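Quick note, the sequences are listed as chains A, B, C, D, E and F, same order.
Count the first sequence with the numbering used here and you get residues 3 to 116, in order.
Count the second sequence with the numbering used here and you get residues 3 to 116, in order.
Count the third sequence with the numbering used here and you get residues 3 to 116, in order.
Count the fourth sequence with the numbering used here and you get residues 447 to 844, in order.
Count the fifth sequence with the numbering used here and you get residues 447 to 844, in order.
Count the sixth sequence with the numbering used here and you get residues 447 to 844, in order.
Hints listed in this document are in silico derivations from the structure and should not be mistaken for laboratory results.
Bear in mind the structure is a predicted one, so any value in this text is a computation, not a measurement.
It cannot be assumed that every hint is accurate.
Calculated cross-link-like contacts (lysine-lysine; reagent style PhoX-like; alpha-carbon spacing at most 25 Å) [said to hold, decoys possible]:
(1) A:K105 / B:K21
(2) B:K105 / A:K105
(3) F:K746 / F:K814
(4) C:K105 / A:K89
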Amino acid sequence: MAMKMVTAIIRPEKFEAVKRALEEQGIYGMTVSEVRGRGEQKGIALKYRGRAIPVDLIPKLRLDLAVRSGDADLVIRTIKRAAWTGKFGDGRIFVMPVESVTKVRTDDAKPPER
Amino acid sequence: MAMKMVTAIIRPEKFEAVKRALEEQGIYGMTVSEVRGRGEQKGIALKYRGRAIPVDLIPKLRLDLAVRSGDADLVIRTIKRAAWTGKFGDGRIFVMPVESVTKVRTDDAKPPER
Amino acid sequence: MAMKMVTAIIRPEKFEAVKRALEEQGIYGMTVSEVRGRGEQKGIALKYRGRAIPVDLIPKLRLDLAVRSGDADLVIRTIKRAAWTGKFGDGRIFVMPVESVTKVRTDDAKPPER
Amino acid sequence: MAIDTGDTAFILICAALVMLMTPGVGLFYGGLVRRKNFISMLALAFIAFAVVSLQWVLFGYSLAFAPDIGGFIGNLDYALLRGVSLEGEGIPDMLFMIFQLVFAGLTLAIVTSGVAERVKVSSFIVFGLLWTTLVYDPLAHWAWGEGWMAQLGALDFAGGTVVHISSGFAALALALVIGRRVGFGAYGIEPHNIPMTLLGGALLWFGWFGFNAGSALAADGLAVNAFVVTNISAAAGTLTWLAASWIRGRPGSIGMISGGIAGLVAITPAAGFVDPISAIAIGAIGGLVCYGALLLRVRKGLDESLDAWAVHGMGGLWGAVGTGIFAVAAIGGIDGLIYGNASQFAIQIVAALAALAYAFTVTLILAKAVDMTLGLRVSEEEEYVGLDIAQHGESAQG
Amino acid sequence: MAIDTGDTAFILICAALVMLMTPGVGLFYGGLVRRKNFISMLALAFIAFAVVSLQWVLFGYSLAFAPDIGGFIGNLDYALLRGVSLEGEGIPDMLFMIFQLVFAGLTLAIVTSGVAERVKVSSFIVFGLLWTTLVYDPLAHWAWGEGWMAQLGALDFAGGTVVHISSGFAALALALVIGRRVGFGAYGIEPHNIPMTLLGGALLWFGWFGFNAGSALAADGLAVNAFVVTNISAAAGTLTWLAASWIRGRPGSIGMISGGIAGLVAITPAAGFVDPISAIAIGAIGGLVCYGALLLRVRKGLDESLDAWAVHGMGGLWGAVGTGIFAVAAIGGIDGLIYGNASQFAIQIVAALAALAYAFTVTLILAKAVDMTLGLRVSEEEEYVGLDIAQHGESAQG
Amino acid sequence: MAIDTGDTAFILICAALVMLMTPGVGLFYGGLVRRKNFISMLALAFIAFAVVSLQWVLFGYSLAFAPDIGGFIGNLDYALLRGVSLEGEGIPDMLFMIFQLVFAGLTLAIVTSGVAERVKVSSFIVFGLLWTTLVYDPLAHWAWGEGWMAQLGALDFAGGTVVHISSGFAALALALVIGRRVGFGAYGIEPHNIPMTLLGGALLWFGWFGFNAGSALAADGLAVNAFVVTNISAAAGTLTWLAASWIRGRPGSIGMISGGIAGLVAITPAAGFVDPISAIAIGAIGGLVCYGALLLRVRKGLDESLDAWAVHGMGGLWGAVGTGIFAVAAIGGIDGLIYGNASQFAIQIVAALAALAYAFTVTLILAKAVDMTLGLRVSEEEEYVGLDIAQHGESAQG
Ligand SMILES: Nc1ncnc2c1ncn2[C@@H]1O[C@H](COP(=O)(O)OP(=O)(O)O)[C@@H](O)[C@H]1O
Ligand SMILES: Nc1ncnc2c1ncn2[C@@H]1O[C@H](COP(=O)(O)OP(=O)(O)O)[C@@H](O)[C@H]1O
Ligand SMILES: Nc1ncnc2c1ncn2[C@@H]1O[C@H](COP(=O)(O)OP(=O)(O)O)[C@@H](O)[C@H]1O
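Okay, chain A solo, but in the shape it has when bound (with noise of 0.2 Å):
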C-alpha cells in the first residue's frame, strides 16, 4: 500500500481543530512535536523605534502524518480548513515520499523472531 508522509506546521492554537477535523475524516496517527519557524517573508517585521527588526523565530507544531496515497489530498485539505486563519503565520504542508511502514507490534502478540 503506497503511502505518503505530509508534514504540517501549523499554530500550536489550531492544533485541537485540526486534530478533530482529521479525525472526523477517520485520520488518527499521527506525530507531533513543538518546533519554531519562519515563512518565506523573512518572519514578520516588528517596528522598533522607527526600524524594522525582523522576528525569526515562532513557536509552531509539526505533524507527521503517514497516510494513504490516495488520502493525502483529503488530508492536506482537511488541515488548510482546520488551521486557516488568515492571518500571517498559518502554515505549510509538505507531502514526501514514503517506502515503507512498519509496526513495531506485531499484531499476534509475540515478540519478532530474531
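Following the hints, put chains B, C, D, E and F with the ligands in place on chain A, whose structure we already have.
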C-alpha cells in the same frame, strides 16, 4: 552511495535498548527528538466514569537514521526487535528516500572555500 | 515547481551564522527543532579513568528548509560554510524529495471553501 | 513601649516572605500562558514590584498612611519617608512601611492577569504607577490608614479588600479595555508549563503565611491564629475546587492550586477575626465561589486571562462577607452575623462593594486613558510573535 | 510563663519553612519520574498536604497529642482543636499544633515515592487518610505525646522515627503491594528533569532548618545547635555519597543531592542531642548507609521508585541508632554509647525497630485493604499514558 | 547580656535565607548557560556550599574570627568549633558561626561564574578549598574579625568587600587563567532558560534580606534600615539597568534582574550606614556601573562568562565607595563624604582596592597552580559534549 532515511517512533523507555542493538549492527549515526504521538487506533481510550475518553498524545522518541539503502532492512528489523514490548504504543518505522547526505566538516580540517 | 527538503543538523551555537548566511542568499523559510544526535564515529569517546566512555547524544539544532530544487545546492553550500568549525560535531545535511508544498493561508485572505 | 525584638524579627521575615510572593505570581501566571509569553509574565511581576517599591518610598506610603485628608487619602507628611522612624511601638515604624510596601508591589503584580500576553511594557509601567497611586494607595488609606472604612469599622485583616478585591476587579476592568487575545474563543490557548504554575502556587502559599500572620504586626496569639486559619482555609479551598472539578471531569492540578489560592484569598480579611472551624467553611466556600466565578467568566467569553477576577476579586469579596459572618469576639474582639452582630455584616458588604466599585471604575478610566494616549496593547504582529521576543527581545526556550 | 515573642516568631516562621518542604518533595520526586508523571507527583504532594491539614485539625492532632490512652494513642479531647489555646508557655499551644501539622503533611508526601507513576489519586486520598490516622498519629503519640516511647526515654528530636522511618518503610510496603511499574527492569526509566530535583532538594535543605531547629520549640541555644548540626550533616552526606558514587563512576548530581537529604534525615533525631563534630560522622555515615541501601534495593529489583525507603527509611534508622551512639549530655542532657550510656543505645534500637515494624506492617495491611476494595493502581493503559493525562487530564509539556 | 530570643530567632532564619541563595546562584547561572551545562552549574553551587560548610567548621571559622595574628589572619583557637559557645551576647556565638558559614559558602558559589561550562569538578573542589582558606578567610578576618581593615575603620556592613569584590575579581582571575570557552566570540552562546535565571534571581533577592538585615546581628532598627535600603537599592538598580538597556534596544529581563542584583550588591556594604534616599542613588548608580562594566567586558572579549566580575566585583567596588560617600551618622554612627567626612571615603577606597588586589592576585596564583598540577579545564571533547554528561554523567533534558 544510495541512502535511506529510517525514521522510527519508539517508546522513550526503549531507547537505550534500541541504541545498543543498533550499535551491535555497526549503526551509530542518528538524530533523536522528543515527540508525542498516537497510533491508528485513535490512541488509547481511557475509561472514565463509563465514558471512554480518547487519549491523544503520548511522549515518544523519534529516531532519524540516514543509512545505506542496503542496510535499511537490517536497521528496521533491529529496531523492531529491540523496541518491541507487545503492548500498545510500541511504535512505527518509516523509510523515506534520501537524495544526498553532506558532512559539514570537511575531512582535511580546512574551512570550505567560499 | 519542484521542491526539495533540505534537513541540516547543526551545532546550536552556529544557528545565527547559518541563518544570516541563508538570508544573504534570499532563503528565509525554515522550521527549526531541538534535537540531540551523534555522528558515525559513535559519538565522542570521553576518556574516563582509562576507559573510553562513548557519549551519545549532544544537543543539536535541526533545520528543515523546503527549497526550490535548483536552490538545493546553494543552500547546502551556504549551510556548510556557515556551520563549519572544523571540530567534531559540525553536522550533516540531508536532502529529500518533496512532492508538494501547500500554504495554509490563501493569498486572498478568505477562508478556504469547505 | 519600646521595640520588641521578637515582633521585629517576625515582621522582618514576614516582609521577606511577602516579597517572594511577587515572583511567585510571576511563575504562577507564567506557567499558565503560552510559552512565547513566559518571560513577559515574570518580567511584569518584577517590574511591578520595582516600580511600586520606588513609588511607595517617594510618596505612596505617605498617601496611604500619613495623616488623613477628608477620609480619602493621606497627606504628604511621610513623603520620602520623612519622619518614618527606626523606633516605634513593638516594631519600628519603618518596618511597618516596608511590610506595607511588599503588599503594594504584590497587588500590582496580580493585576497583570488582565492584560496577559498582549500588554505593552512601557504602557504597563505608566498604568502601574497611576494605578498604585490612584487606586491602591487610597484603598489602603481607607482600610488601614485613617480613612472612612477604618472609621466605619470595616474589617480587613490582611488585605482581602485592599489587595484582592482591588486587584481582581482591576484586572477585570483592564481586560475589558484591552480586549480579548487574538483567537480567544476560536483557538485553544493552553497553559504551557503547569509545573511552574504549581511551583508559583507553592511560593504563594508559603509567602501567604507572612502576609496573613504578619498582619498581626506582632508575634503573638493573633498571629498564630492567622497562620492557622490561613492554612486551614487553603487546604479546604484546595479540596473543594478539586472535588467540584472532579465531578465535572478529572481533578486537574490547576484547579487544585487555584482552589488553594481561593482559600488563601478568602481567609485574608478574616484571618485575625475567625476561628479554625470557621476557616474550614470560609475556605471551602471560597473554593466553590471562585470556581463558579471562573466558569461564569468562561461562559461569558470574558478574557480576564489568568482569573485574577475569579480568584482574587470574587474570593476577596466572599472573604469580606465571610468575615462579617464568622467573626468572633474571642479572636479579634468583634462578632459577626452568626454571633448576632448583623451590623458588622452590613458594614462588610458596604465596604467591599465600595472598594469594588471604586477599583473597577477608576481602573477603567485609567486604562482607557493610557490606551488612548500611549496604547495599552501591542500590535497584532507582536501578539502573534509573543511578548518575550516582541517586548523583551528574549526567548524562554533555547 | 507567658508567651515569648522571640520563640513565637521563630516557630511561626519554622512552620512556614516546613510547609514549603511539601512542594519541595513534589519537585524532588517530579524531576525523577518520567515527564508524563511530573504533574502527578506535584499534585500528590499538594493533595497529601491538604488532606492531612484537615485531618489534623479535625482529629489527628488530638490522636497524637491529647491525653494518653494506654501508651498507644491520644484521646479526642482536642478534636476540632477544642481547648487548644492561643496562650501557652513560651509559644502558644495552637502554634505547637500547626508546627506539628506541617510535619504530618510532609510525611504523607514522602510516602508517595512508593507508588510513583502508577497510583490512582482517589485511592491515594483514602489510603492517605487511613495512613495518617492509623500510622502517623500513633507514632507521633508514642514519641512526642505521652506514648510508650516517650515513657521509655527514646530520643527523637525532630522526627527521625516519626517522620522518616515511618514514611520510608511505608513507601516500601506500598511498593510491595502495588507492584513494579510496567517495564521496570526491562526498560530504562530515567529522571526527566534533574534540575527540578535539585531545586526541590534546595527547598528541602532550606526547610529542614525549620524542621530541625524549630523542634527546639524556642529560639535558644538548642535551636542553634540543631541548625548547625543539620547543616554539617547535610554537607557531610552530600560529600560522602558524591565520593562513593564517584568511585563507581561519575559524580552525579542526583547522588549529590540524595546524599544531602540522607545527611539531613540522619541528623533529624539527633539534632538536639549531638555536637557539631559528631554531626560530621552522622552525616558522612548517613550518606554511605543510604547509598548502600539504594544499591541493595536496585539489586533486589525492588521498585520503591524514588528511594524514600533507602534515604528516609534507612537514613532514619541510622539516625535513631546514631543518636544513641553520639548523644552528649552537654547538648541535650543525655549521653549516648560513646559517652558510656549503653542503655540509651539499646532504647534507641528498640524504639526504631518497633516503629519500623509498626509502620511497615500497618501500611501493608492498609495498602492491601485499599487495593482489594478500591484498587490502588491505575490500569495498564493509564500507566502507559501517564498519570498527568490519565488522572489529571493535564500535560506538563506544551 | 544574655541571649535574646528575638535576635536569635531573626538570625537563625536569616541564616536559612542566606543558605537558599546558594542554590539561587546555581539556578541564576544555570539558566544563563547552554542546556548541556545546566546541571553542572547547579552542582557546582551545591558542592561549593558543602565543601565550605566542612572547611568552615574544621578551621575556616577559626582563621576568620579567632584571635588575630598580625592583622592578617585568625589563629586556630576555634578550630573544630572548640570554644564556640551556645551562649552569647544577644545571639549565641555558635549562631554567629553558622551565619558566617552561609556567607562563605555562597561566596565560592558566585566564583563559579568565571569557569562556567569548562571546569573540571575535581579541580574545582581543590581550588575551592584553597580559595576559601587563602582568600575568603583572610578577607573576612580583615573586615569582620580583628584584622587590619577593621582596625583601620573600613566599613563593610554585610560583605560588599568580603563577599562581592572578592568573588567578582576572583572570577575574573579564574577566567583569565582558564581561558575562553571554545567558540566564544565566534559562536553565539545563548542563555538556554531565562525563566530559571529569573527564579534564581528571585531567590537571591529574597535571601538578600537575610544577608543584609541579618548582618545587624539583631532584630532592631538597624536591621530594619538594612532591610529597607536593600529593597530600595534593588528596585533602583532594576530600573536603571532596564532603562539603560532599553535605550540601546529592548528591555530584556536578564538586564532587569542583573540590575536588581547589581543594586543588591551595591547596597551590601552600605546597608547599615545609609538612609533610604541615599539607597536610591546607590542602587541606581549601581545598575549603571555594572551595566557599563558588562559592556566593557564584552567589548574586551573577556569570557568571564556569567558576569560575576561586572555585577559582584564592580558592584561591590561601587558599594564600598558609595558607603564612603553616603554614610550618615544617624544610621550607623559614621558620616561619609557628603556629610563632610572625607577620611572615611579615603579609607573605603583603600580597603576596597586592597581587597581587590589581594583577591585578584592570590586567585590568579591559586588558579595557575591548580591548572599546572591538576588541570583546571576539561578537554575540548568534554566541553563540546557539555559538563552535565562529561563530568556528571547526567542530562538535564530527557
Ligand atoms: N520554506 C520553508 N521551509 C520549511 N518550513 C517553512 C518554510 N516556509 C514556512 N515554513 C514553516 O511554516 C511556518 C509558517 O509559515 P508561514 O505561514 O509562511 O508564516 P508566515 O505567514 O509568517 O510567513 C513557518 O513558521 C515555518 O515553520
Ligand atoms: N500514521 C501515522 N503517522 C505518523 N505517525 C504515526 C502514525 N501511526 C503511528 N504513529 C506514531 O507511532 C507511535 C506509536 O504508534 P502505535 O504503536 O500504533 O501506537 P498504538 O499501539 O498506541 O496504536 C504513535 O504514538 C505515533 O507517534
Ligand atoms: N547517519 C546519520 N543519521 C542521522 N543523523 C546523523 C547521522 N550522522 C550524523 N547525524 C547527525 O549529525 C550530527 C553531527 O554529526 P557529525 O558531525 O558526524 O558528528 P561528529 O563529528 O561528532 O561525528 C549528529 O549529532 C547527528 O544529529
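The hints, checked one at a time:
Between K105 (chain A) and K21 (chain B), the direct Cα distance comes to roughly 18 Å. Compliance with the 25 Å bound is thereby established for this hinted pair. Distance hint between K105 (chain B) and K105 (chain A) is unfulfilled; the C-alpha atoms sit about 31 Å from each other, more than 25 Å. Distance check on the hinted pair: K746 (chain F) and K814 (chain F) sit about 22 Å apart at the alpha-carbon level, within 25 Å; holds. For the hint pairing K105 (chain C) with K89 (chain A), the CA-to-CA distance comes to about 12 Å; that is within 25 Å, so the pair holds.
The structure does not agree with numbered hint 2 stated previously, though it agrees with all others.
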